[in-house]
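Participant: Chains as they are written, first to last, in the working numbering: chain A, 1 to 145; chain B, 146 to 304.
To be clear, the hints were calculated from the coordinates, so they are not data collected in a lab.
Careful, some of the hints might be misleading.
[Stated by the list, open to error] Chain A side only, calculated, beta carbon under 8 angstroms to chain B, not exhaustive:
1) Leu11
2) Gln22
3) Leu51
4) Leu90
[Claimed, not checked] The following label-pair restraints were derived from C-beta to C-beta distances:
5) A/Gln21 to B/Thr147: 53 to 63 angstroms
6) B/Arg186 to A/Ala35: 24 to 34 angstroms
7) B/Arg186 to A/Gly112: 21 to 31 angstroms
Here a beta-carbon is modelled for each residue, glycine too, at the ideal position from N, C-alpha and C.
The primary structure of each chain is shown beneath.
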Amino acid sequence: MSACEHIEALLSGYLDGELTQQDRQRVDVHLDDCASCRQAFEQLQRIQSGLGSMPHPEPTEQQRSRMMGVMLTKTSRGVGWLLAIGGAALLIGMGVYEFVTDESINLWVKIGNGAVAVAALLIGGSVLVERLRDRKTDRYKDVER
Amino acid sequence: MTTLMETFQRQGFVFAVYMLGNADDAADAVQDGLSAAWNHRDVVRSAHDPTAWFFRVLRNKCVDRLRERSKRRTEELFDAADQRASDGESDAARRELAEALRVELSKLDPVHREMLVLRDVQGMSYAQIADVLSIPAGTVMSRLHRARMTLRDRLKGAL
Ligand SMILES: [Zn+2]
Chain A
1 MSACEHIEAL
11 LSGYLDGELT
21 QQDRQRVDVH
31 LDDCASCRQA
41 FEQLQRIQSG
51 LGSMPHPEPT
61 EQQRSRMMGV
71 MLTKTSRGVG
81 WLLAIGGAAL
91 LIGMGVYEFV
101 TDESINLWVK
111 IGNGAVAVAA
121 LLIGGSVLVE
131 RLRDRKTDRY
141 KDVER
Chain B
146 MTTLMETFQR
156 QGFVFAVYML
166 GNADDAADAV
176 QDGLSAAWNH
186 RDVVRSAHDP
196 TAWFFRVLRN
206 KCVDRLRERS
216 KRRTEELFDA
226 ADQRASDGES
236 DAARRELAEA
246 LRVELSKLDP
256 VHREMLVLRD
266 VQGMSYAQIA
276 DVLSIPAGTV
286 MSRLHRARMT
296 LRDRLKGAL
């Protein structure tokens, strides 16, 4: 490798201020008395400043809201679930209360219905617990799929 | 996190437009990247450089898209960007160089193009670029230099 080839390889790092002090000084010294490396350096400089003043394209309002929409849909989905579950719980609670306090319904019918409801809760609950456990031990939770 | 997402969107769109050459595709890629960032927001917030995290994901989305359509050209954007650039530019030689740069940048190998966009258009440091591309800092310097030298050879007349 000639001296010029050696220096030429350092010119980008020199331009970006990313060289070690030692390398920077070597380039400094060489550029002082080598016109062809100096010319190469000036051309790289012009490329850099040209690229630096290239326009930064901006999205249309429609594109922007599409991109930012990823937050909105995820958040509103969460709120939606919360409302749905809350609403359902309220309705069921009211139904149960009315059913239990309704004196026109036979006690045995109430007991039978109660047993079915408890069974459903137990089964549903165990499925939920299992799901949560799976989720916790899912090693790929944070890996993008 | 919302502020972070805004920044990702703004900077990511610039990168994606230059990489994909088309604003709609760029918006798609950024949308995918933002969605990943939002889904992993705990990871992103605690990353030592959230922007590098986002760019790493976005860059991969862009590479996937480039691979998919491997041969479609990137001229569309460069036409649109062209008009905006010439608005404020008074110096004819400068304008000519800007035009040549745009054309040659779009024709460059994406591996070289991404170096120039990250460094010279977006002003990232070598360390940040190394982080985004998952390559050693020394490789950043040599690859970037090769990208600039290629551009220089192709631009000879305009420089
Ligand atoms: Zn020399």
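Participant: Now tell me, hint by hint, if it's right for this structure.
Facilitator: Going through the hints against the structure:
no., hint, verdict
1, Leu11, "holds (7 angstroms)"
2, Gln22, "violated (15 angstroms)"
3, Leu51, "holds (4 angstroms)"
4, Leu90, "violated (30 angstroms)"
5, A/Gln21 to B/Thr147: 53 to 63 angstroms, "violated (42 angstroms)"
6, B/Arg186 to A/Ala35: 24 to 34 angstroms, "violated (54 angstroms)"
7, B/Arg186 to A/Gly112: 21 to 31 angstroms, "violated (48 angstroms)"
Of the numbered hints stated above, those contradicted by the structure are hints 2, 4, 5, 6 and 7, listed in ascending order.
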